[in-house]
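Participant: Below are the chains, spelled out letter by letter.
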Amino acid sequence: MSDVRIAGVGLTRFGEFPDRTSRDLFAEASGAAIEDAGIDRSDVEALFYGNFMGALAEHQGHQGPLMAEAAGVSAPATRFESACCSSGVAVREAVKRVRNGETDVLLVGGAERMTNMGTAGATEALAIAADDLWEVRAGMNFPGAYALMARAYFEEYGGSQEDLAHVAVKNHFNALENEMAQYQKEITVDDVLEAPTVSDPIGLYDSCPISDGAAAVVLVSDEYAREQGIDAPVAVTGTGQGGDRMALHDRDHLARSPAADFAAEEAYDDAGVGPDDVEVAEVHDCFTVAEVLAIESLGLFEVGEGIDAARRGETSHDGAVPVNLSGGLKAKGHPVGATGASQIAELTSLLRGDHVNSEHVEDATCGVAHNAGGTVASCVVHVLEVAQ
Amino acid sequence: MTGDYANAGYDEFVAAVAEGEAYYLECANGHGELPPRRVCPECGSTEFTEEPLPAAGEVRTYTVTHVAAPSFADDAPYVTAIADFGPVRITAQLRGIDPDDVETGMSVGLGVETTETTGADLLVVRPR
Ligand SMILES: [Zn+2]
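Chains W and S supply the protein sequences, listed in that same order. Once you know that position 362 of the first sequence is 362 in the working numbering, the rest is easy, because the numbers rise by one and skip nothing. If you count the second sequence from 1, you need to add 388 to reach the working numbering.
Bear in mind the hints are in silico, worked out from the structure with no lab data behind them. Since the model is a prediction, treat every value here as computed from it, not as a measurement. Don't be surprised by glycine CBs; every beta carbon is placed ideally from N, CA and C. There could be a bad hint or two in this list.
What the hints assert, rightly or not - If the Cβ cut is set under 10 Å, some of the chain S residues that face chain W in the computed set are:
(1) S459
(2) Y466
(3) T468
(4) T492
Said to hold, decoys possible - Derived Cβ-Cβ restraints for the label pairs, each shown as a range:
(5) R41(W) <-> E438(S): 56 to 64 Å
(6) D132(W) <-> D489(S): 25 to 33 Å
(7) S495(S) <-> E162(W): 26 to 34 Å
(8) A55(W) <-> V427(S): 22 to 30 Å
(9) E409(S) <-> G243(W): 31 to 39 Å
(10) E407(S) <-> G158(W): 38 to 46 Å
(11) P18(W) <-> R426(S): 38 to 46 Å
(12) E194(W) <-> A461(S): 18 to 26 Å
(13) A387(W) <-> D489(S): 52 to 60 Å
(14) N116(W) <-> T434(S): 44 to 52 Å
(15) E162(W) <-> E409(S): 40 to 48 Å
(16) H62(W) <-> P487(S): 42 to 50 Å
(17) P440(S) <-> G274(W): 43 to 51 Å
(18) D277(W) <-> V427(S): 33 to 41 Å
What the hints assert, rightly or not - If we take Cβ atoms under 10 Å as the criterion, some of the chain S residues that face chain W in the derived model are:
(19) G397
(20) E421
(21) L422
(22) P429
(23) E430
(24) P458
(25) A461
(26) D472
(27) T479
(28) A508
(29) L510
(30) L511
(31) V512
Required output: the full structure, derived from the provided sequences and hints.
Facilitator: Here's what the structure looks like:
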């Protein structure tokens, strides 16, 4: 089995670029990743590409070959769709492909174009990640779904909107110097609590924005890295994926994310590490409560104790385990098909020491990325380690 | 983005609720499911019987949606709830109560009404 090295990472800035096509976004991100890797484009043997709503947003299906072309890569290409963890799933399948020796160099990433649809259009399009018959027709949308979970959490374990507000404040603070982030703007707990309610108890500042953007990563086998003299200090050492019932109402727990529990355990076992080894995490905070569920599923906090982790400062840049030093989905943005790969890109930079926030995790050698789809009916977790 | 097409299984369920004859599918091991369903996702049983849905459901969690998707724009603000009806759980709009007075654990009954925005059929629960 080959070790999987991250040879290069690339991002577009996330934000509102309604006139930019997804092919242009992905061309920029993949170009940056290939340049960062220092490989020849002709060495890329496959593209795994994540995208969720391209058919709705820009009337474009069959995006795999389109994106290979945009990236200047002459290789077979496949699009992966798993709602907001589309590129997380693509990364996972890419890791397995390099591991089994079938492929030495793989380009993986994702893109999403959303803001051209307008907020209302994008909200309606995002809703197709829920069960159309039994959820969407009843008027449930994604802020609503996470609000249902947040209330269930408060009832079962306690907690308040103010606790959640601290998650948003922290993630905005983390994004201040991240030039790839959609928002580089500090906010206060009062800003969050005074913002308009979207779906009680979720407010506008508890929610990630609607974003355009792309992310890409070049994965290589350690043999290839050695032979080509490529400096790739970060390895993907663990991968895991969990699934659950599609509709939120069919879950065993409304205040927990069992698919993420499963994905985390599988990824930790795969890497031979545990939650205590994790020194930095990028998690799927599409809404503030989602970060709470994520850090509990990752085992960084006991169930019911993640709610005030941000308030206590334990997940802040100077806390025991900084969470979402990139700014997270909340402040960095959430172009859904790009998010999973973007988390891998940010975490790689943090561990390599070339991220604007690397100073906060200077000695870290182990990080974890958590990428969720829908109301966590899908979840992918990856463990990244600095190779010895 | 509800299309103008039939959805066998779902449509019959909604019609039955409207007639006051709501049912659910019970597998050989007692798991409750909503139609259409050929295999029980909990246990793999392929044998289902139609059982009457309990008249009283219990609200497990709810939210008041203020910012709605376009197809529910005129309905906002509205309450979305997940309610247990015996072995099945249903997501529905909760009507007939001030949103400030909604509580988890409250007893509700299931019906079919229409959305304010598009007039589409809508599963609704009301306090009972
Ligand atoms: Zn069963």
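Participant: Looking back at the numbered hints, which does the structure fail to meet, lowest number first?
Facilitator: none
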